[in-house]
Every structure is written in C-alpha cells, then in structure tokens.
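Chains U and F supply the protein sequences, listed in that same order.
Heads up, the first sequence is in this note's numbering, so the first residue is 1 and it goes up one at a time.
Heads up, the second sequence is in this note's numbering, so the first residue is 1001 and it goes up one at a time.
One or more hints might be untrue.
Cut-off 30 Å, straight-line C-alpha distance, at most; resulting in silico cross-link-like pairs (DSSO-like, lysine-lysine) [as the list claims (entries may be wrong)]:
id : chain 1 : residue 1 : chain 2 : residue 2
1  : F       : K1305     : F       : K1064
2  : U       : K54       : F       : K1068
3  : F       : K1135     : U       : K134
Listed next, with one range per pair, are the computed distances between beta-carbon atoms [claimed, not checked]:
id : chain 1 : residue 1 : chain 2 : residue 2 : range
4  : F       : S1304     : U       : T192      : 32 to 42 Å
5  : F       : T1179     : U       : A531      : 33 to 43 Å
6  : U       : T192      : F       : D1031     : 47 to 57 Å
7  : F       : Y1058     : U       : T14       : 53 to 63 Å
8  : F       : A1086     : U       : L255      : 32 to 42 Å
9  : F       : A1242     : U       : L480      : 41 to 51 Å
10 : U       : L524      : F       : T1229     : 55 to 65 Å
11 : F       : P1260     : U       : W657      : 35 to 45 Å
12 : U       : R638      : F       : A1086     : 30 to 40 Å
13 : U       : V128      : F       : T1179     : 55 to 65 Å
Hints are computed from structural coordinates only; laboratory data are not their basis.
Ideal Cβ positions, reconstructed from N, Cα and C, are used throughout, including at glycine.
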Amino acid sequence: MLESTLAAFDLLFTARGLLFLALGTVIGLIFGVIPGLGGTTAIALLIPLTFGMKPAEAMSLMGGIMGSVSFGGSITAILINTPGIAPAAATCFDGYPLAQQGRAGLAIGAAGAASSVGGLLGVVVLVVVIPLAKQIVLLFGPPEFFMLAIMGLSAIALSTGGKFLRGIIAGLAGLLLAFVGYDSVSGGIRFTGGIEYLWDGIPLVPALTGLFAISEMINLSVKGGVVATSGQANVAITRVMDGVRAVFTHYRVTLRGSVIGTFIGAVPGVGGTVASFLSYASTMHADKDPASYGKGNIKGVIAPEAANNAKDGGALIPTLAFGIPGSAEMAIFLGVLVLHGMEPGPMLMIEHPGMVFTLILALSASCVLATAMGLMVTRQLALITLVDVYVLVPAVVSVSMVGVYALNSNVGDVVTAFVFGAVGYLMIRFDYPRITMVIALVLGELAERGFHQSMMMSDGALSVFLTRGLSAALFAITVLILVTPAARLLLERLRARARGVKRRAPAAAPALQGDGVRLVVPVLVLALAIAMLVWAYEYEPRTRMVPALTAWTLLIFALLDIAAATGTRPGRYIAALFTGSLAGPEGDEGKPLPPRRVITACSWVTGYLVAVLLVGFHAATPVYVALFVIVQGRMSLRGALIAAAATAGFNAVTFEWLMQFELYRGLLFG
Amino acid sequence: MSTMRTLAIVALATLPLGLAGQGQAAFPEKDITIIIPFSPGGGMDTTPRAIMGPMSKYLPNNVKVIPKNVPGAGGRRGYNELMRAAPDGYTISVINFPGAAIPSLTGEKVTYDINKFVWIARLSNSAYLIASAGKNDAIKSFEDLKKLGRPVKMTHTGYGSTSYSAAGIVRDAMGIESTPLTGYKSSQEYIVGMIRGDGDATIAPVESFYKFVQSGDVKPLVTFEAKSTLPGVPTVRSLGYAELEGLGVDRILAAPPGTPDNVRRILSDAIMKAMQDPEAQAWAQKVRRPFDPMDTDEVTAYLSKSIALYTKYKSSLLKRE
C-alpha cells in the first residue's frame, strides 16, 4: 500500500501531471459555476482529449475536475440562489440569505473550506474502506435500495420543516414525473405521449436548471432590485477567512456532513444531491435552534458542502470495486478507465494500484487547489450580487439555457428547462419545496426498480423488506421520520396539559390575496394525480403498478392539502398534524405580487425560448438581453448593448470556441 | 463583358457535373461520422473509437473519422438516426447485434428496419457465458441448473435486452427453465447482483466475467464460444447444443439503406485494414477485447444466418416469466 502511494506521488508530481491537475481544477470550477453544466459534462467533453495522454495524466485531469466542480457550483448557489450543479441546491438555503445580508464572503469562505475538508475526509474514508469495498457493495441489495430511497425522500420532506405536507406532495409529484419513459423492469415505455424525447425519462439536469435557475430568475425579475438587499456598503468581502474558520469551529457539522456524503456517495444511483440534502436536514434537526436555518445560518452552508465533496470519495468505492458507477460522473469516468486499459472491478486494485492512488491523490489535491483558486477570485465574483437584476436575469437565463443545450446538443432539453422553470416559479410562489421534487426525480427510478426486484426475489412476499437486517433498520428509520411532526405535536400537547394549559385550536394560515389563490396548486396537483391514474391504467399491470400506487397516494395528499388550504377547522388540524406545530403553516414567501408583473416576467422567458427555437442562440440572445435591459430595466441603450454583447460573447467564446460545441441555429436557419 | 458572363454561366452550369463525376471516383471527399448509439465509455463506444484513427489512415483523401454519441432508448435513437441519414457513406453507425434486431422480433413498432441496413464490417463478437456465484454451493455445474427443482432466477438488464432474449433461447433450446430478475443498469450490475445473491445465475458476454472469475466471485458453467477462453469450462457444442455456438453480442458497422456498392467496399477495406493496424491491435491487447474482423460480404452472410436463428426462436424471446 505504501509503495503504491509513493509510486502515485511520482506519477502525479511531474510537470505534466501537475499541469493537467491544474487544468482539470480550472475546468471543474468553470463547469461548476455555470448552471446546467457540471462534472458529468466536463468529463464527457474531455474524454477525447485523454486519448493521447498517459493514464496517470488522465487520472490527474479527471481528479482535478471531480474535486473542484462542487465548489464552483456552490459559488453560484450562494451569490444568485441558482445552484451551478444539482447538489449545490442545498447550499442555496442558507448561502443565499447570507449573500442577501451582504455576507457572501463569509458563505463562500465556509463553502470552500467545507468542500476541501469534506473532500479530504471522503478520500480518507475511501482509502480506509477500499479493502472492504466489496463487502459494502454486496450489503446493498434491491430491498435495501428501495428502503434507502424511501427513507431519503421522507427525510428530505421532513427537512422542509413547516412545509412537510407540501414537501410530500412535491415529492410524490416528482416521483410520477420520474416514472415517465422507459421502465427498465418491465421493458415498457410509459407516459411519453409518443414523444421520442421522453423515452429515457425526464432528463435531470435540464429539469433541475429549470426548477432552480430559470424559476429563480423569473422570481427575481418580478421582485426587481439587486440580490444583496442590505445595501451596497456591506458587500465588501472581508470575512472570507471567518468563513474558513467557521468550518473548524463547527467541526461536528463538518464531520457529520463528510460521513453522510461518503456513505450516500457509495450507494449507486443516489448521488450528491441526496447526500447534501440529507446532511443539511440532519444538521438542522440536530441543532438546538432549527428555526435559524434558511435565514443565513453558516452551519447550513457547511453541512451540504462537506457532504457534497465527500461523496466523490464514496462514489469511487463501487466504481473501482465493481465497475458500478456511484454517480453520473462516475459512469462517464468508468469509460475513461476502460479507455486507458484499466478494467474497474475486483482486480483493479491488484493490477493497477498506482493508478488508483494517483487518482485519489489528484482528487485530494484538487479539493484544496479548487478552494484556493476559488477564494482568490471571490471578491470579484461577489460583485455579481450588486449587478442590477434586470441585467443579471437575461444573462443567467441565456447562459443556463445554452449550458442545458450543450449537455446533449438536444433542443428538447432547453424546452424541458423552460417548462420546469414555470413549474419551479409556481412552487416558489405558493411555497412548495422544490427540493423534494428534485430528490424524487433522482430517486424515483431507483425506488421502483428496487421494489420490483425485491418482489421478484421473494416471489411476491412483502416480508422481504423486514427479514433482512439492513432493510429493516432503514424501514424503522423511515417510520420514525414520518411520525416525527405528529409526535412533536403530541409531546407539546402533553407538556401543555401538565402545565394546565387548555387545549387550543391550531391557527389559520396567513391570508394570501384571498383564499382562492391558495387553491391553485393543490387543484393542479389533484388534476395531475387523476390524469396520471387514468393514463396508468392503459398499461399492463407491472408497468403501471408503482406509478398507479404513487398517483393514488398523491390523490389523497392533494385532497388533504386542499382541506388544509381552506382554513376550516378540520383543515387546520390536518395542517398542524403535518407541521408539528399549532402555529399554522409558515407564511408564504414575500408580499402579494401583482399578477401583471408575473405575466410580464413569464412572457419574457417564453419569448426568448420561442426566439431560440426559431432563429437559434446567436441571433436570439443579444436581442433578448438588450430588449430586456432597455424595456424592463429602463437602462440606457449603451448599457443594454454592453450587456447583450457580453452575454452573447460569453456564450460564443466559452461554448463554441473553447469547447467546440455548435450552438443551436434555430428552425429557420438549421 | 458578355464573354465573361457566358464563361461564368458555363462554369456554374458544369460545376455540379464536375462534382458528381468526382464523387463517383473519389469517395470520400469529406469527414465521415460514425454514430455511436450509446454513451461514451462502454465496449460499444470504445471499440469503434479504437479503429477511427487508423481508419482515416487507410481512407483516400486524408479525411477524418469522427465519433458522434447518440445515446438513448437502448440504441433506438441512434438506429433511427442511421435510418434517416443520407445513403452516401458519410454517416455510418455501430450496431449492437442482436440488440438492434430484438425490438422488431418481439413485436415492437420501430422506425428503423434492420433488414435494410447495409452491413460494412464486423468489429468484434463476444460469445455468452452462463455463470453462478462463486459462493453458491447449490449450483456448481451446468447440470445443477437443471436439477435445481425450481426455475432458475436469472438477473438481467431488462425485457427485450440481449441477455434476456438469450435466456429465452437457453430455456427453449437447452431446457433450463428460468424466471427473470430485471432492471439492472448494465451487465456489470446484474453480474454483481447475481454475486450478491439477488438471483441464482446469469448470462452475459464472456469478457464481462473474466475479472470476477479471476477473483473467485463467479463460477463459469458453460460457454457459447467455439473454444473456451476460460480453462476447464465446457462449451455448448461439447454439451450437445452445437446450434447455439457463437451466440453472443456482435459489434457491427452499418450504413444507411441504399448505400452504393463501391462506397460500402471502400469503407469495408479501410476498416479491415484498420483492425490490423498496430495502433488498434495495441489497444485490443491492452483492454483484452480482441477484434473478430469480418468484411462486408462475410458479415452480410453471417447476419442473414444469425437473424434466421433469432427468428426461429422468436417465440422464446417474447415470453415473459
């Protein structure tokens, strides 16, 4: 072991090795920062580049990318509430409020340090468990995967606090969307309406970019102003080192996040998004003051960041031990290994220990290098929060749409991002947690597959979930999670009775432009549930079983939600049972907004989409940005032209010139 | 002026003629794209990529060969793109056989027609192997599969996949009753699932098993190769099922329907030479994936025989548990 580690040092610390490591780190940071792009795209794009490299150099490049992407993704999450990559969505919760308070430097410093520490801890765990990797992978069979998916979903719904009921609803709706397309168990194709694009299901990255980036831009343009609401004076970034220190002061949070990240990362198909959210949720629940989260608590930044980078170490466990990718990035990375003559599997560590350790070293070095590089430019980056929203919005909308397109050169992805942008805005507006939907999109297939496979293993006996130790344990945790709010309510009631306080009825929800508006989403959800139910019964029993079950469950919860939204007495009790508090549901975000502004904001995005479809990115982007800046922002023609040229130029240089993508040319010119 | 104009008109008018004449004589004039209907990384991706460099060496006019991954719907998206491509030889695709043939055999309505593709060359063939878990004491030989007393649980990617169809043929031709356990993402995953004990046995291309056999996690029971590459493993022929010899997965290059004969031969020649090129050979050795070359005529004859075998067992492919 020591010998191969030393050999790895020799391989990595050559001039070319270090050059590729640095190159990988820079590329990883950039791909992380741009919404829509991520580690998967970066690795996929660079595969051809590694053809001519020595294996050790390819490992340095790949390790550089993997170690740095997540920090890049959190920078965007903190500054403009738009995760650059999926797992960074959890960083938005507290990172963005910090940026709004003018403390972006603190948040970025903490995020960077937490990524480094988390990444290093993940690698340590990887090194320790590599000899045991086989046993760990063999521990997780289909019943365990199923229970793990259900547990993950429940935990994340619970972490939304006062929105537990809505969290469950968003999760169930996300599950239904996850069932669209090819069903790997029955081999049937479902819910596609004959659209070829949907055969492989709703693609995750475009959906996510829509839910978080596009919807946030709609939200920003409805509100107006700048991101940092506390005034420009506070934005001077001076507290970066305080952020770094916070990671060590709150070492428990960092440690917990790293352990969760490594563990979840090691489970194939679950990945970083779930890891960072579980870490956030568990930190919040372990904290004495859970209410301070979501309002700019630095621990809410540290927890997901540590987990998100630690997951790479974990994800390498099944990848190296069996050739089963622990994440999408790893799936493509597997290809790189094979390309360089290394077949992942039980023999890899015996045949190529030097290569494995080179990768591990590169990964650890990159975690630290990325943080150092990122922190150096933090000051400049944080200025973004001072950019006028009417410049920021069209620029981010355009860059994320281009990023989404670059993923697969498929214009359908751009449409998906747009549709989910609208869904996401509805969810922001009516306070439904977007994250449970995302997690459900990630876990839906895993859950369904795990269920069917378990049934096939046990010849249809449900007891299979309880007779296996690990599966039973996961089931117990899930039950605990689901009853937590009701139990908390009961406990509160018992304590109150002990003090002799009289029973009181739950409070009504705060009013939001009359109660009719509140019913918009529950009714839409109910319609979705009924439609999917009717549709599901067109398919054969095995193909429809899990979707139909999900749709029935969603139907029940949608009815409960409608009841809760009416503010009647039974409705209030339902709400209380799910929030675990008599105080009524949490208030809806922000003040009532004039519908006209919402319609205007949505029309701009729609207009851009239509223009892109017709004349392509190159023609549509400058016109859209310039018009938006002039009409919405009421700025000078000169400013508008600069913004338009900058955005279009950025797209052209980054995507077409540096990455050699051909951007969509439009139906008219295609 | 008018002379100039006349000259220009004559020049313009004859331009297409000139180009057409050249096209006949000197294919290719521009870069050739190979569609890869799968994601980067797997054998279906790396095998064609390994011959692309050498291939351009052996093509006239210094043209390049460019890969284009079109993953999706088990290859269907890429096959559709090949079906729609112009039959000029500038777009060809790698095909998974029998993967591309199964959907239409099992009654699925597909928009491409495998019988219309123009076959250019075979790159490789991976024969199947049936295996059980190393620690499974109940199944130690092929005979044990028959003596299990209940249907064998076999792990697969899914209904309609190549291994699922192979299990159907194995059931009807060799008398091994099996129930499928489907939904795994790749052969690696379902082999590990079998090792874990999710199912009793599995069937996959023999190369996918090498490393697990070496580590002792997998016990090979019977191979569909003509000559076993694993010591001591019986072949299907030695067990009396000669008809099934060679049953496996082929990686084949195909051109769109209607591709002219001379173009198909130029491509085939270049690919045959590319597979013998030291660069491609070095790759094959490094990753232990040997080429099994067949030129355009050989592969066309081979496929008509293979398609006939699958058509004979068509009803076996269709059965669900």
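The hints, checked one at a time:
1. K1305/F / K1064/F: Violated, because 33 Å separates the two Cα atoms, which is more than 30 Å.
2. K54/U / K1068/F: Given that 30 Å is the threshold and the Cα spacing comes to 24 Å, the pair holds.
3. K1135/F / K134/U: holds (14 Å)
4. S1304/F / T192/U: 32 to 42 Å: Between S1304/F and T192/U, where Cβ atoms are some 34 Å apart, the hint holds.
5. T1179/F / A531/U: 33 to 43 Å: Holds, since T1179/F and A531/U (Cβ atoms, about 34 Å apart) stay within the stated range.
6. T192/U / D1031/F: 47 to 57 Å: violated (34 Å)
7. Y1058/F / T14/U: 53 to 63 Å: Check failed, 35 Å falls outside 53 to 63 Å.
8. A1086/F / L255/U: 32 to 42 Å: Since A1086/F and L255/U have Cβ atoms about 60 Å apart, the given range 32 to 42 Å is violated.
9. A1242/F / L480/U: 41 to 51 Å: violated (60 Å)
10. L524/U / T1229/F: 55 to 65 Å: At roughly 59 Å between Cβ atoms, T1229/F and L524/U fall inside 55 to 65 Å, so the hint holds.
11. P1260/F / W657/U: 35 to 45 Å: holds (38 Å)
12. R638/U / A1086/F: 30 to 40 Å: With a Cβ separation near 48 Å, R638/U and A1086/F fall outside 30 to 40 Å, so the hint is violated.
13. V128/U / T1179/F: 55 to 65 Å: violated (40 Å)
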